[in-house]
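S.K.: Protein chains in written order, with the UniProt record's numbering: chain G, 1 to 473; chain S, 1 to 473; chain E, 1 to 473.
Worth flagging that the hints you see were computed from the coordinates, not collected in a lab. Be a bit skeptical, because a hint or two may be false.
Intra- or inter-copy, both count: the list cannot distinguish identical chains.
Restricting the straight-line Cα-Cα distance to at most 30 Å, the calculated cross-link-like pairs of lysine-lysine (DSSO-like) are [claimed, not checked]:
| no. | residue 1 | residue 2 |
| --- | --- | --- |
| 1 | Lys99 | Lys385 |
| 2 | Lys109 | Lys20 |
| 3 | Lys99 | Lys414 |
| 4 | Lys385 | Lys109 |
| 5 | Lys20 | Lys123 |
| 6 | Lys20 | Lys60 |
| 7 | Lys99 | Lys161 |
| 8 | Lys20 | Lys99 |
| 9 | Lys127 | Lys60 |
| 10 | Lys330 | Lys60 |
| 11 | Lys109 | Lys435 |
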Amino acid sequence: METNLSKMIPLASISSEKSKPVCIFGTGDFGRSLGCKMLQCGYSVVFGSRNPQASSLLPKGAEVLSHRDAAQKASIIILAIHRDHYEFLTGLTDVLEGKVLVDVSNNLKINQYPESNAEFLAKLIPKAEVVKAFNTVSAWALQSGTLDASRQVFVCGNDHKSKQMVVDIVRALGLTPLDQGTLLTSKEVENYPLQLFPMWRLPVYICTGLTIFIFIYCLITEVIHSYVVDREDNSFLIAISIPNRVFPIVSLILLALVYLPGIIASTVQLYRGTKYSRFPDWLDQWMLCRKQLGLVALAYAFLHVLYTLVIPIRYYVKWWASNYVISQIKSNHTYPFDTSYAWRGESYLALGILGFFFYLLLGITSLPSVSNMVNWREFRFVQSKLGYLTLILCTAHTLIYGGERFIYNTYFYKWYLPPAFVLSLIVPCIVLVLKFIFIMPCLDRTITRIRQGWERNSRYPKQSDKENGKPAV
Amino acid sequence: METNLSKMIPLASISSEKSKPVCIFGTGDFGRSLGCKMLQCGYSVVFGSRNPQASSLLPKGAEVLSHRDAAQKASIIILAIHRDHYEFLTGLTDVLEGKVLVDVSNNLKINQYPESNAEFLAKLIPKAEVVKAFNTVSAWALQSGTLDASRQVFVCGNDHKSKQMVVDIVRALGLTPLDQGTLLTSKEVENYPLQLFPMWRLPVYICTGLTIFIFIYCLITEVIHSYVVDREDNSFLIAISIPNRVFPIVSLILLALVYLPGIIASTVQLYRGTKYSRFPDWLDQWMLCRKQLGLVALAYAFLHVLYTLVIPIRYYVKWWASNYVISQIKSNHTYPFDTSYAWRGESYLALGILGFFFYLLLGITSLPSVSNMVNWREFRFVQSKLGYLTLILCTAHTLIYGGERFIYNTYFYKWYLPPAFVLSLIVPCIVLVLKFIFIMPCLDRTITRIRQGWERNSRYPKQSDKENGKPAV
Amino acid sequence: METNLSKMIPLASISSEKSKPVCIFGTGDFGRSLGCKMLQCGYSVVFGSRNPQASSLLPKGAEVLSHRDAAQKASIIILAIHRDHYEFLTGLTDVLEGKVLVDVSNNLKINQYPESNAEFLAKLIPKAEVVKAFNTVSAWALQSGTLDASRQVFVCGNDHKSKQMVVDIVRALGLTPLDQGTLLTSKEVENYPLQLFPMWRLPVYICTGLTIFIFIYCLITEVIHSYVVDREDNSFLIAISIPNRVFPIVSLILLALVYLPGIIASTVQLYRGTKYSRFPDWLDQWMLCRKQLGLVALAYAFLHVLYTLVIPIRYYVKWWASNYVISQIKSNHTYPFDTSYAWRGESYLALGILGFFFYLLLGITSLPSVSNMVNWREFRFVQSKLGYLTLILCTAHTLIYGGERFIYNTYFYKWYLPPAFVLSLIVPCIVLVLKFIFIMPCLDRTITRIRQGWERNSRYPKQSDKENGKPAV
């Protein structure tokens with residue numbers, strides 16, 4: 001709720017501080033918003049503009065001068081102008097010498113230019129100190145005070161002192177500066193606001209692929225087969241029944257895929273007898289997107305829960321239930337209560353609920369603000385112990401479901417295809433069996449030693465390592 | 001979990017630092033808690049008290065002196081006393097000269113005094129530098145170390161250097177300083193801890209109004225009508241059936257109201273041909289509380305989901321279902337399975353589930369810690385693309401529900417009033433139709449250009465704007 | 001998403017800054033990762049190693065020297081080595097004089113050594129300034145850039161200036177420094193990463209105890225009793241029915257236990273007539289873990305909701321329902337619709353849903369990032385007002401459920417044991433009755449005055465207190 005506060009703050013014109021003003025080149029949207037915010041936080045601001053007299057929308061309290069005059073007054077100059085217009089700065093080289101130039105620009109496309117805007121600027125005015133900053137902040141957010149998206153400001157630059165001056169401004173504006181190093185990183189910084197969930201790409205691709213495959217598989221075995229063989233129109237199953245088969249299957253496979261790379265990494269380390277050699281790239285990639293994979297799997301599990309809970313409201317199910325009663329009456333034969341069937345049905349549901357519950361716990365602990373409150377031991381406890389518990393519960397849920405179906409229903413193989421849920425059990429079972437092997441004392445001890453820095457073929461005695469640093473595989 | 005750590009830290013008496021002590025006037029709750037916390041963080045603290053010898057509850061390691069003696073020892077004096085007692089400070093004017101006075105006071109009511117406490121203090125002791133800080137932090141939180149509510153400390157003051165000294169203390173205590181500018185903003189800062197969800201007020205009012213209206217509407221058409229016309233007592237519908245009609249209807253209207261101001265803003269910009277003129281105040285206000293509107297709508301959608309999922313547990317529904325079967329048997333007539341009806345019923349449920357799912361995703365991304373991790377492009381993608389997808393799904397859900405009801409049930413107009421869900425479709429349909437018009441290439445191109453700073457009636461060539469700064473309307 | 005950014009940043013070799021390099025002793029996992037990160041952020045790094053020429057895995061851009069040479073080059077030396085190897089540092093006493101030694105070590109067990117590693121180091125090299133830091137950060141997190149768990153770095157040390165130097169490094173690496181005071185606190189800091197949810201221990205113990213007790217209680221009254229008396233095998237109830245009795249009962253008791261300590265505290269304060277005397281330790285402990293108690297209760301409530309919603313899918317329930325219809329037909333007797341029963345059943349469900357909804361709201365506001373956005377007044381409003389509303393709704397939900405059961409079902413006392421839900425009502429009812437007494441004007445006024453600092457037997461006139469600082473009991 002702090003947001004609306006800063007918005008209502010009157011412009012600070014009577015500031016008692018004597019510090020040199022900050023100069024902003026460019027009176028566009030971003031320049032004005034930034035200037036306004038800086039004035040509110042007690043800075044004195046001078047705008048550099050081509051038409052100093054024509055800038056009616058500028059915040060009160062700010063001076064507007066020509067570029068040259070404005071630059072002379074300040075030691076920090078923020079360039080709120082497009083890269084395309086940087087050329088005109090060459091005419092000001094003399095006044096810009098020794099000043100801190102803050103490049104706030106963004107491009108329209110990732111890697112639009114061969115070099116980053118900030119590096120381009122540094123080449124253009126080699127005698128000024130260029131600092132890249134503020135490019136992740138939006139003018140609208142600065143204006144409205146609602147910093148919903150990122151408060152993080154990436155700062156990079158070659159000169160430590162200049163960078164520190166910019167970092168101080170960032171902090172004074174209530175934003176979070178993150179030092180990214182030298183100008184070499186400016187390309188990354190400039191690409192950042194143009195990215196669209198890069199870490200989610202791989203999980204979403206895997207998930208989409210699996211979804212389509214399982215969907216078609218179920219469509220064939222449940223709709224097309226019955227249409228071709230029995231001439232029955234079951235197409236309405238596409239709305240709920242088939243998604244409710246696809247979601248849990250894909251979810252379980254994805255959950256297993258979260259734990260598979262850890263198993264593979266252990267195998268690799270065990271085989272190599274050291275942890276000091278890099279994993280193959282695909283494994284690194286996979287391990288870094290485990291969190292996202294898990295969250296996609298959780299989303300699917302959530303959908304599975306909702307789709308399951310609406311079952312009794314469905315017309316199809318209600319019609320079937322009343323028909324079932326009617327047929328019992330007509331045949332004058334009531335089915336007796338079957339305790340073992342009840343046990344199976346109920347424990348199948350209970351396992352599913354508990355699995356989903358722990359799944360959700362995992363999801364909640366991966367919220368940034370929650371995971372930031374726990375230490376590494378707690379984080380590993382949750383992600384590893386609770387994670388495997390979830391995987392076991394969900395696999396058991398599927399196994400009992402399968403058992404029930406196999407025995408009591410006529411889900412025989414259609415066109416020689418096994419029921420879809422059988423597919424979902426392959427990866428989880430492999431992961432669980434391997435994990436079970438790896439936690440056997442002999443192997444576990446070796447892996448732990450390897451992770452603590454021990455090497456099988458060590459050439460010289462290792463210097464001690466930090467326990468804390470073992471990977472959370 | 002870090003919280004309990006700081007609590008258990010022993011008082012640091014043997015601090016090797018030679019820095020000047022910090023003085024605290026007032027040995028009340030807050031003064032003591034702050035002093036204790038500062039001692040823990042390595043500061044040396046001296047209390048100023050009227051009865052230096054009578055203060056038995058003070059933290060160990062702190063000195064207690066008379067006000068005058070204490071003030072002389074320090075360069076920063078924190079005033080943990082009521083505004084009403086500030087007068088006595090005039091007697092200390094000579095020792096307070098040039099010192100930093102930190103005003104931590106709060107009032108009991110918003111705008112209790114014409115001027116803020118800090119400004120009053122600055123007038124009283126004009127030769128001291130007054131800084132407002134710490135008023136948002138509670139004594140209890142400092143004592144217990146459980147900083148559940150705000151870690152944010154708003155700091156304002158006219159002198160940059162004094163402010164920086166206070167900011168350093170705030171940071172050393174593990175709190176987050178937020179520079180709010182000069183003392184002019186102190187009134188806002190003092191009012192802040194007295195506010196009660198100011199951003200939520202408008203959404204809650206709108207929501208309450210709509211809820212009451214729809215509730216009465218449903219009461220009339222479903223309970224009162226049947227009581228007056230058919231002499232049937234359906235009053236028990238008030239518990240679940242009617243809320244389950246009110247919640248989805250209000251939720252859908254509120255969701256549409258989240259996207260309506262964006263549409264209006266586009267229209268205004270398109271009409272004016274520029275984005276450089278302010279929106280009317282009501283539109284600004286509306287746009288700033290869109291997030292809260294959306295969250296209220298999500299809460300209602302969540303209630304709708306729960307109310308819907310308990311349907312099969314309800315006595316009324318169970319009784320009705322068994323009666324339905326019995327009547328079929330008695331009349332010896334079973335209803336055949338209707339595929340088209342199944343399609344409608346199932347897709348209606350599926351759309352609802354998917355709508356709710358994306359709704360929830362929107363809600364999760366509006367959590368501060370999540371939205372802080374995404375960049376503007378990602379935030380806009382989620383809030384705009386996913387938002388409209390949610391609106392489309394929920395509207396389709398309602399439309400199919402409506403279609404089903406109209407055809408298969410006897411929900412004809414009662415007292416010439418259309419069924420309530422018809423009302424819920426008005427705003428969403430308007431929003432979707434307008435949005436559809438605005439994304440047509442010709443209009444979309446113009447709007448994009450306007451948002452990038454282009455003006456239809458520009459007097460002189462615009463200086464370039466930043467792409468990044470376009471509003472997330 | 002910022003995480004992957006920092007990972008991809010190239011090593012900054014051409015840094016223009018002239019600042020003294022930072023030295024890292026130890027080329028193990030942690031030393032290397034930290035060095036790499038520091039290089040990325042523009043620091044120049046020199047490693048001290050026993051085998052300077054054998055360190056092939058070190059990050060590019062870093063120098064590797066002998067310990068002595070490396071230490072001489074820097075003013076800050078980070079010791080990424082085990083405590084067991086600290087002894088060799090005594091040989092370097094002359095070069096370490098006046099330098100800042102950063103102890104990053106952790107132990108394998110809590111309180112493994114009588115004194116903390118940092119204090120041990122300070123004794124070993126008394127002429128150096130020891131600062132404890134970085135022990136909560138994992139090498140893997142530094143390497144991969146995915147700082148999922150704690151970004152918080154606890155810093156403690158006796159010398160303010162040395163500490164500040166380390167704090168600056170921490171901040172430059174994009175981590176959050178938290179000043180914990182002098183080296184006296186280093187033991188706490190070292191124990192922190194070894195803790196496993198210390199605040200959750202008490203709530204989990206209470207919850208586990210209650211769960212086991214209620215589970216056995218229900219097992220006796222519902223399974224064993226019917227088996228012994230009626231020879232009926234109801235064991236399948238263990239899967240869903242009994243958990244669905246245990247979860248709500250324990251949840252309600254836990255929720256009441258969240259509010260009981262506040263009531264007790266009020267009573268104590270009222271009895272003593274002052275707030276300036278410490279509560280007994282058990283009460284303090286209890287009050288500090290209220291949030292965790294509440295969250296455990298919420299988890300159980302969530303499980304209760306899921307277990308309830310699957311009711312209509314259960315085989316047992318479906319079988320019973322169809323049998324019910326069949327028996328009605330066979331006896332040719334249909335039960336008429338009972339409005340008062342409908343009212344009870346529906347309002348019982350509605351109260352439960354609303355209770356759960358507010359419960360969830362409470363849970364969401366206790367997320368760190370959300371509670372950090374609200375001020376104390378808002379936090380207290382939510383936690384106190386909404387909390388009691390939740391308690392009232394949930395208690396009413398149970399009462400109506402009880403009423404319904406008592407009247408319509410044959411749940412008579414088995415073996416003289418009352419139904420389990422009766423047990424769940426004891427604590428909530430006590431809390432609600434006491435709270436009701438305490439909010440009566442006469443008592444409420446006294447409590448408020450006490451919390452504002454008033455004392456019944458005050459010896460001398462109190463100095464004014466801060467309103468803001470009243471505890472959120």
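S.K.: Check Lys99 against Lys414 for me: Cα-Cα at most 30 Å, and say if that holds within a copy, between copies, both or neither.
M.R.: The answer is neither: 76 Å in one copy and 76 Å across copies each exceed 30 Å.
S.K.: Quick one: Lys385 to Lys109, C-alpha cut-off 30 Å, is that within a copy, between copies, both, or neither?
M.R.: The answer is between: 20 Å across copies meets 30 Å, while 42 Å in one copy does not.
S.K.: Indicate which option fits the pair Lys99, Lys385 if close means a Cα-Cα distance not exceeding 30 Å: within, between, both or neither.
M.R.: For Lys99 and Lys385, the Cα distance exceeds 30 Å both inside one copy (54 Å) and across copies (42 Å).
S.K.: Quick one: Lys330 to Lys60, C-alpha cut-off 30 Å, is that within a copy, between copies, both, or neither?
M.R.: neither (87 Å within a copy, 84 Å between copies)
S.K.: Given identical chains, is Lys20 near Lys60, meaning Cα to Cα at most 30 Å, within a copy, between copies, both, or neither?
M.R.: Classified as within; 18 Å inside a copy, 40 Å across copies.
S.K.: How would you label the pair Lys127, Lys60 (within, between, both, or neither) given a Cα cut-off of 30 Å?
M.R.: between (33 Å within a copy, 28 Å between copies)
S.K.: 30 Å Cα cut-off: does Lys109 pair with Lys20 within a copy, between copies, both or neither?
M.R.: neither (36 Å within a copy, 39 Å between copies)
S.K.: Can you give me the call for Lys20 and Lys123, within, between, both or neither, at a CA distance of at most 30 Å?
M.R.: both (26 Å within a copy, 27 Å between copies)
S.K.: When no copy is specified for Lys20 and Lys99, does a C-alpha distance of 30 Å or less occur within a copy, between copies, both, or neither?
M.R.: Both, since 12 Å and 24 Å are each at most 30 Å.
S.K.: First find the shortest C-alpha distance between Lys109 and Lys435 inside one copy, then the shortest across copies, and answer within, between, both or neither for a cut-off of 30 Å.
M.R.: Classified as between: cross-chain Cα gap 26 Å, same-chain 44 Å, threshold 30 Å.
S.K.: At most 30 Å between alpha carbons: which applies to Lys99 and Lys161, within, between, both or neither?
M.R.: For Lys99 and Lys161, the Cα distance is within 30 Å both inside one copy (11 Å) and across copies (23 Å).
The structure shown violates the earlier hints numbered 1, 2, 3 and 10.
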